[in-house]
Structure formats: C-alpha cells, structure tokens
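Participant: Here is what each chain is made of, one letter per residue.
There are 2 protein chains.
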Amino acid sequence: MSVKTNKAKASATASISAVAEHAGVSIATVSRVLNGTKAVNADTRARVEAAVGALGYRANALARSLMRGETRLLLVLVPDFANPYFAEIVKGVESVTRENGYGLVIAEASQTLSRDSAALDSLYNRMADGVISLARFADLKPLLQEIPDLPWVACSEFVDDSDVPSVSIDHRQAAIDAVQYLLNRGHQRIALLSASEDYRWARQRHAGYEFALRRANIPIEPQLVRVARGTDYVHGMDAAGALLAMEQPPTAVFAVADTLAIGAIKAFRRVGRRVPEDVAVMGFDDIPVAQVFEPALTTIAQPVRELGAAAAQLLLKRLAGGASESLTLDHALIVRASA
Amino acid sequence: MSVKTNKAKASATASISAVAEHAGVSIATVSRVLNGTKAVNADTRARVEAAVGALGYRANALARSLMRGETRLLLVLVPDFANPYFAEIVKGVESVTRENGYGLVIAEASQTLSRDSAALDSLYNRMADGVISLARFADLKPLLQEIPDLPWVACSEFVDDSDVPSVSIDHRQAAIDAVQYLLNRGHQRIALLSASEDYRWARQRHAGYEFALRRANIPIEPQLVRVARGTDYVHGMDAAGALLAMEQPPTAVFAVADTLAIGAIKAFRRVGRRVPEDVAVMGFDDIPVAQVFEPALTTIAQPVRELGAAAAQLLLKRLAGGASESLTLDHALIVRASA
DNA sequence: CTGAAAGCGCTTACAG
DNA sequence: CTGAAAGCGCTTACAG
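Chains as they are written, first to last, in UniProt numbering: chain A, 1 to 339; chain B, 1 to 339.
Any given hint could be a false lead.
[As the list claims (entries may be wrong)] A short list of chain B residues far from chain A (calculated; beta carbon distances all over 10 Å): (1) I218; (2) V227; (3) A242; (4) G272; (5) R273; (6) E277; (7) A332.
[To be verified] Examples of chain A residues lying across from chain B (beta carbon under 8 Å, computed): (8) I27; (9) V96; (10) E294.
Derived from the structure by calculation, the hints contain no laboratory data.
Owing to the predicted nature of the structure, the values given are computational and were not obtained by experimental measurement.
Virtual Cβ for every residue (Gly too), placed ideally from N, Cα, C.
Take these sequences, add in the hints, and give me the full structure.
Facilitator: Spelled out as structure tokens, the structure:
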C-alpha cells in the first residue's frame, strides 16, 4: 500500500490514486479496469469497481486528454446563434457527435472574432480535436492560417485553395432553380435580396441569379440587387424598403434567406402590397417558420440536418485517419404560397 | 542547453520545452513571460518572445488547465437548439463570457440525456468550470446529483430545495398579467396552451393562468387546458386542433410560448377562423419572429439577453469565490395585433 | 531574475 | 495479471 502525499485534498473529486489506495492496487490497475484496455483479474476488478463506486470517482478528463492526445471535443463555429438555419445544422452535427461520444464546443464566429478572443484562443490550443465551421468565408480564412494543424471541415461555406473539405448544397444551382421558377411564372423584373457576400453562399446564389437571368436574355439591373446588412428579419425589411422606393419596382423578389424573405414580405405588407399578387417572394433555407408563416414561403429547402450530420461524419472520419472528400447534397424547391 | 528527448515530434505544435531550448532558457522562464506572473529580465523576455514567434507556440490548454485547476470553459445545457428563445439566451451568456475570456461548451439536454452520454460525461469531469442550465427541471434534477461539486446556475428554470441560484422572470406573475389582459378585453373563455410541465416555467405559467381566472371568479375548465407535446410550431398546431373541436370553443388562447401561439394561429386560420376577431391569441417570450408574423403577436417579453448575461455573471462571480443569490428580472406585456 | 524539481492526474510501454 | 516508472505539457513554490 503506497503512501499518499496529499491526503486531505479538501472535498475535491477523488483522484485515481485515491481509488487505487482504497482498492489496494496500483493506479495502473485502476486505469486498466476503467478503460478495459487489458485483462484484469476478476476479483481485482471487483475491488476496483467497488472503490470507484464508493468514492464516486470519475476520471479527470483533462489529464486523460493530455495523455491520450485527444479531447473528444469538437469546435463548432457559427456566425449567428439566432439564425434558425444554423441551429438546425448544429442539431445535425450534434446527432452524430453524441453517438460517437464527442462533445461540442460552440463559439459565435463574428467579424470581430480574432486572436484576442481568449475563449477561442484556449480552444485552438488543443482543447478541441477538430472544427466544423459555418463561419463566413471572410472570417474563416484568417482563422485557418492561425490554427493550421487542427482538422477543419466547412459546412455551407468553403475555402477553395485549401485542403479544407466542405459539405454543402450547390448554392449556385439552387439559385438558378429559384430564379427559373420565377421566370416560368412570367416574372421579368426579379430582384435579388442578398446577404453579406462575406458568405460564400451569398456570392454563389448571387451568381446563380445572374446566370439564370442572362440565360433568359434579361439584362442585370444593378438597382434590383440589394444586400441586406445582416440576416435578421429586420434586415430583410430594411433592404426591401429600398426596392419599394423604385419607380418601376420588381414583380418578384428572390431572397437568399427565409428570414430576409419574411422581413421583405412584412415590409411590402406594411405599404399595402399583397404577396404574391403584387410581388412574389421566394426564400431560401426552409426554416421551421417558413411553413407556418402567412403566406407560407415558397423556398429552397436545404437538407440541414443532413448537412450538419455529414460535416460531423466527415470530420470524425478524418480524425480516425481517413481521407476526406467534399460532399454536395441535394436541395429542393418547395412551392407554397408566397411565389 | 538541455538535451531534448523527443526531438522529431512530427509536425505537432511546439511545446514549452522547444521554446525554452530555442531561447536558451528554462521552461520556468518561458512560463513566466507567457503569464506575466513574475518579473523577467527585459532581454530574456525578448529572446523568449522571439522564440514563441518563431515557433508559433501556443500553450497547451489541457496541461495549463490541469495545473491551474480551471479550464475557463462553461457548460451550457439547452433543452432545444432549435428554439429561438434559447438561442437568444445563449447570446446573452456568450456576450459576458467572451468578455471574461471564457469559452462555451454547449450540449443539448434532452430527456434522454443521462450518464450514457459520453460527451457530457467528459464534461462533468472537470472539463468545465461550471454550468449554466436552461434544461427542464425534470432533466436537471438527476444531473445535479451526479455532478455535485460543479457550480451550477439555472436560467429560467430552478431547483427550489438546493443551493442552485437561478436567474429568471416571475413566470407566474407574467402569466397573471397576460390572462388579466385578456380578461380586461372582455374574454371569459380563455384556453391555456401549455408546454410540458417538466419545465418549471410551464408549471408556473399554468399556475398564474389559474390564479388570474379564479381571481376573476371564472371556474377552471380542464378541457380548456392543453399541453403541447413540444415547443415547435407544429406542436402548437396540434394542440390548437383539439381546442377547435370543442363545441363551445374559447374566445381567447394564452400560449406559454410564441412558437406555440404561432402554431395555434396557423391552425385557426386553416379552418377559417380569424385572429384576433374570432379568437385572440397571446404568446410568451417575444422571439424575433413575433413582430414580423401576421398578425403580429401580443406577447410577454422576457429580457432574454439580460437573462443569459445575468446567469453568466452570477456563475462567474461564484467561480471567483463570491456569494450567489438568485435574481428575478422584469417582464413586459407587449400589445400588438393578435390579442 | 533564473533554474531544478515537484506535481497536476492520468496512460502505457517495460518488467516480472 | 500486476506494479514501478516515465511522461503528457504545463505552473509554481523553493533555492540561489
């Protein structure tokens, strides 16, 4: 029986040595029964398990991680907690990480995010085994250079000239589909309500919008393109206001996010314009409120849960030493009432 | 210059000994300039800083935390990522933790959450310095017993016979205010759309509803009380359906969550009932969509950001050794169009 | 001001 | 099957 140095370590959680002492074995043995890593004699095991129970012992994750070289924690970078779209993706991520025994560290990756963020700083330093980023491309880029050796996976966003794999739908094609739908319904003056093009997806949806129009021989009218200052409902209202002021307003609006679409509809309604009779409005994302809102939103549905789940799987696979290739999932056009 | 044992540690991040070697000092000195904990000679400091820069060194947070006895990580338990109400609270939490150099580990605390969750399991074991819980009281209770020595703070929920401080509005009083408002508008048949009473707040709002009715000498009609099977929009629709089937339906509905209220309105609309003309609907929370929805929601606003921020402050104060007393913040009745 | 050494709580070859 | 010991990468008395 070994001699313990610090016997009365206050009320603090029992350590492995306390368990060893209690069971009359070495800490190595305790470790073995805890991890099932090596055969242990039946009654030795029983004694250890009894000691664990008696002391309410739980291995200190910090020490364990330090030795194992992994924390089983994944960092998730989201641009905005409040956007339901991101929340759904996180749910997808969570579903697979939970199954695999990983925890999630979530940080809001705003523009201001940088090395001065002590929180993130601590994470970079081996607190997480890898990161899943939904952050704006513009925010992501500089971060990548700072923390080169952590495995990254981008979700919805991506970084072309890098080895960061990504999981996403084909934003450009989805936008083409949306605009084509509007064209098919006879619209010729179609406005684009875009989001900050710090988001790669915003840029790509914008490209899809222009492509679809050009393909239909409709000239791009710069005034019909409005960039919202955020993705909250109010930002959609504001941006739509500008459209309202035009002498020849659009007959249809393609918004790159449902939140923006809903904000726009609100703005239109306020001045007595009916949707879709006077203006058709298409959204993007198919967030939960899209179907209960009135008029219910015609929108592009992203397989959000799957997006998150796939990103998590990709990262886990990579952590397990596997190769990681990017993935493109399918989108779908959901026709409801707003367009 | 000391001899390094493991020289070619692959590409892995530089360790403190690598920095020490590079700068020609001991690791103790490196630690001191890193932490500014003790005076260091100016040019020694310069040499160390140069080495840190050259090697791109960042302290290993795991080892550091193990020594310091703190991780500067806080665990946030949310019942549902998808509910905008919780998202806003998390934003409040994040604003203060970020300022204080703390990171957030977020886990979804569903009913199924238990010791089999490897993710949470690792957290309990000293991965987080404390926890802020928005979890259902019913889920929270058993967890508390498992991890007794972590400092907890409950937000919106609470645990009466424990030393867990909480930050919340007065849910019961808020419900009384809501129902009284409805009564003042002449309603007599007021339904309650409640949420799972695993949530303490649901139970309290329910109590407030009954109190207000009784105070007005209106008998409680059990059929007018419906418990939704969740807090998503669809759950509100479902629960409202039952109300619709009544021979003498209510003239007003008080929903304990905006999501539920919106779902109910949708259900009413589907069968041609107008809100608020045929049925008035009141919500609770004032989530972002409440004001853009049509009809805009009359609701009880909770100071969500403040709630989250206060919970974080309370926890931080406690971690700093301070005392922790519970806090009740003010709610507000927002009159818009739905009631 | 600086270094050698102990120690945080674990895991894992290495012997036996 | 089991233990003594080294080591993960740090921080911090203890000497000097």
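Participant: If any of the earlier hints don't hold here, list their numbers in rising order.
Facilitator: 8 and 9
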